[in-house]
Amino acid sequence: MTRLTVNGASVDIDAPPETPLLIALREHLGLTGSKYGCGAAMCGSCTVHVDGAATYACVTQLGDVEDAEVTTIEGLSPTGEHPLQRAWIEEQAPQCGYCQSGQIMRAAALLQENPSPSREEIVEAMSSNLCRCGTYVRIIRAIERATREA
Amino acid sequence: MTMKASSTAAAAIAVDRRTFLAGTAGFTFAIGADGLQRLARADDVGAAPGAQPNIWVSIGADDLIRIVYPATDLGQGSTTALPLILAEELDADWAQVRVEQLNADDRRYGNPKFGMVLYTAGSSAVQGYFTPLRLAGAQARATLIRAAAAHWSAPEARLLTEPSVVVDPETGRRLRYGEIAALPEMAAVEIAEATEADLKPASAFRLIGSDTPRIDIPAKSRGAYEYGADVRVPDMLYASVVRAPVEGETPVSIDDSAALAIPHVLRTVTLPDGVAVIGETQEAALFGKFALEVEWTTSAEARGFNSDQDLIDYAAAAEDLSQDGAVWRQTGDAAAAIGAASRAVERTYLSDYAYHAQFEPMGAVASVAADGQSAEVWIASQTQSWSLRTVTETLGLAPEQVTLNMRPMGGSFGRRTELTQPYLRDALLASKAVGKPVKVLWTREDDVKFGAFRPAAAQTMTAGLTEGGALSGWRHRVAAPSVIAYFNPIRWSQVEPQDIITMRGAENKFYDLGAMRAEHVITERRARLAPWRGIGAAYTSFAAEAFMDELAEEAGSDPVAFRMALLQDNPRGRWLVERVLAMSGWGRETTDTALGLAFAGYGDSMAAGVAEISLDRSSGVIAVKRFWTTVDAGLIVSPDNSMAQIEGGVVHGVSSALKERISIVDGQVEQSNFFDYEILRIDETPEIDVEIAEVDAPPTSIGEVSTPVVAPAIANAFHALTGRRLRHMPFTPDRVLEALA
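Chains as they are written, first to last, in our numbering: chain A, 1 to 150; chain B, 1 to 741.
Since the hints were derived computationally from the structure, they do not count as laboratory data. Some clues are possibly wrong.
Just a few of them, taken from the derived set where beta-carbon distance is under 10 Å, the chain A residues facing chain B [stated by the list, open to error]:
no.	residue
1	8
2	12
3	16
4	20
5	27
6	30
7	32
8	36
9	40
10	86
11	95
12	98
13	110
In this text, a Cβ means the ideal position worked out from N, Cα and C, and glycines have one as well.
Given these sequences and hints, build the entire structure.
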């Protein structure tokens with residue numbers, strides 16, 4: 001049993017400590033907004049925040065986040081109205097949408113650290129997350145919009 | 001109350017009034033035959049009485065307008081575009097529209113571009129459903145007007161509509177569509193007929209051509225969209241499948257003792273070409289899979305698949321001009337025209353296997369009843385028809401014994417189109433064995449290793465040039481296997497030897513090439529294959545348009561003038577080229593970059609593209625700095641989403657052109673994940689400028705139109721920068737350095 005805080009609530013997860021955090025979130029807690037893309041920290045579809053830092057949930061073991069605070073896309077904003085989410089909708093960024101939770105969580109961590117990043121800083125931070133539909137142009141636009149409107 | 005329904009969507013749309021009767025209690029129109037069950041379910045969701053003038057739409061007393069979505073969602077945006085087309089002619093208030101996924105292989109809703117099979121592929125949904133959905137909307141609107149006219153005792157011809165309201169301009173009376181649906185007159189009204197003459201002129205469009213936001217995007221921005229992989233049903237178990245390392249091998253012996261020792265691992269199930277580890281939790285199934293030991297047969301023919309040698313063999317077949325291929329398109333006598341020319345130019349272009357890299361790996365959830373007499377499945381695929389068929393064929397059930405739940409896909413790009421879907425089959429067999437619902441999810445490694453690829457191809461281009469440098473004969477030979485023969489053998493038996501998946505693009509119909517011949521040298525299949533974004537055009541347009549630049553050079557012409565001479569009869573094509581040249585500043589001075597042009601398209605849609613590239617000569621890395629593209633796809637239903645699809649198609653094209661390569665050694669795929677099958681990242685993505693032509697023509701296709709022009713534009717830019725040619729895609733650094741040497 002591992003105890004941690006997920007989206008502000010204390011939870012106990014009955015899974016071996018070597019279980020990927022992503023599986024614990026998705027299958028044990030039903031928080032399916034974070035996605036499995038590669039299991040190898042290569043695509044970022046699973047990105048969540050662990051104690052505020054953008055983290056690949058697919059290569060993070062449950063045992064390593066005991067007592068940590070984990071935030072998923074479901075907990076980013078109580079109403080789903082985070083400035084990034086509004087900007088994502090405004091710019092019509094998603095296509096298939098599968099990678100977008102991870103993109104938004106990565107961008108949210110960036111803005112937390114740097115509320116007005118330059119285009120170069122946006123591109124650098126977001127280069128850890130892949131999108132096969134090729135929505136990159138709109139991801140940049142959406143982050144720039146959120147930066148302006150936040 | 002049920003009535004006879006027509007057997008095809010086309011017939012249903014034409015609406016034979018005798019086949020429709022008014023409903024009774026609840027004033028609900030329903031249709032019978034095989035549509036009844038599904039419609040009954042749709043009614044359950046709505047739970048309000050209302051009107052259903054045809055199979056596509058029902059209008060509730062609650063004012064909600066429910067429109068059937070016959071395709072599936074792989075990110076292309078047609079969950080918005082298709083209902084929008086119907087809503088336009090219905091004059092619906094878009095805010096009241098609800099979209100209902102079709103969860104059945106009901107061919108009345110089939111894709112007219114695919115012989116009424118429920119099949120979401122080939123960028124065909126808007127093109128195929130455009131007229132049927134407009135007619136359905138017009139007919140529903142006319143029926144509502146008729147009921148209102150009866151209620152008011154007013155002449156139908158006098159009545160007008162505003163969004164979701166019928167108005168009598170003479171009396172000022174108004175009735176909402178929902179109010180009309182609940183009128184007693186609705187039960188008795190004769191369903192109106194609609195023909196193309198009843199449709200709105202384009203100038204009256206209110207929704208079509210507007211930037212109506214996509215309905216799926218809010219949920220996709222909040223992590224709330226339920227994909228196939230997200231499905232969880234009560235009592236569900238998890239299966240991780242160890243698949244045969246080489247196609248065609250089967251398990252000889254299985255040692256599952258270590259796997260079964262893992263807590264929550266229940267058992268293993270032997271599959272035709274794999275072994276499933278069944279766990280109560282996903283992690284147990286996954287850990288069990290890693291602990292499983294399987295010995296496989298070693299006799300499969302596929303052990304001889306070696307992609308390097310196989311491509312050499314394909315090239316030899318392409319270059320052997322004495323062996324005729326299957327004709328894909330022929331005009332005049334190309335060989336005679338080339339023979340009569342003052343000289344002939346011949347080049348061979350190569351391209352490797354490419355992997356879809358769709359983000360959601362293959363998977364399915366299946367629940368087979370204990371008696372084996374029924375099953376329910378949750379599946380993310382591009383086809384209700386072939387998913388259902390996989391179930392009925394695997395379990396020996398009739399279609400009515402199967403409940404299908406189509407889930408959205410985390411990308412697909414052609415991957416989930418096959419006649420028999422092994423991931424679904426595995427879930428069915430596992431569920432049948434354990435007597436509970438089972439979820440199968442492939443790992444990324446499974447998805448790469450057991451992928452089905454865009455075929456490797458060798459293409460030999462031959463053309464004649466006159467003394468004056470004009471084209472005299474064009475021959476395009478594509479040596480590649482048949483994709484259709486592998487991924488849909490039933491279809492192949494109907495179309496052989498015409499393989500649109502392998503050959504598309506080689507028809508090169510947007511130019512006037514004079515005497516031309518495109519032919520398919522059908523080579524042996526040496527990998528699992530599937531359609532891939534752009535299908536054949538993803539490589540045939542590379543060969544054709546890189547060759548076009550080489551021909552221009554040989555003719556002493558320039559790439560623009562040489563092409564324009566072949567576009568004299570295609571003013572829309574000429575406009576695309578002229579416009580993209582203007583956008584890119586073609587001809588301007590550049591220092592460390594160069595520009596390359598290509599003109600191609602997909603199906604009936606055309607695109608021109610210009611790439612601006614730079615090159616690191618020491619590493620051999622090409623960077624695409626900017627990409628300009630112009631597209632003609634006829635009438636545009638959703639402008640902003642069309643831009644998004646074109647942008648994405650460019651990114652896909654750059655990724656494919658520069659990086660993507662699957663290699664096979666002794667029947668095993670060498671790559672395994674995104675660290676050795678790299679796709680384009682955001683920091684490698686060019687600035688992209690898109691312009692869509694405004695033309696008065698029916699809609700064609702958008703989703704794949706921009707991918708084919710990208711690779712040749714890059715290859716042509718590379719020549720402009722270095723004087724060297726790139727003839728083997730992808731243009732990886734080693735190949736670039738070789739070209740520079």
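To see whether the hints hold, each was checked on the structure:
no. : hint : result
1   : 8    : violated, 16 Å
2   : 12   : violated, 15 Å
3   : 16   : holds, 7 Å
4   : 20   : holds, 7 Å
5   : 27   : holds, 5 Å
6   : 30   : holds, 7 Å
7   : 32   : holds, 4 Å
8   : 36   : holds, 7 Å
9   : 40   : holds, 5 Å
10  : 86   : holds, 8 Å
11  : 95   : holds, 4 Å
12  : 98   : holds, 3 Å
13  : 110  : violated, 12 Å
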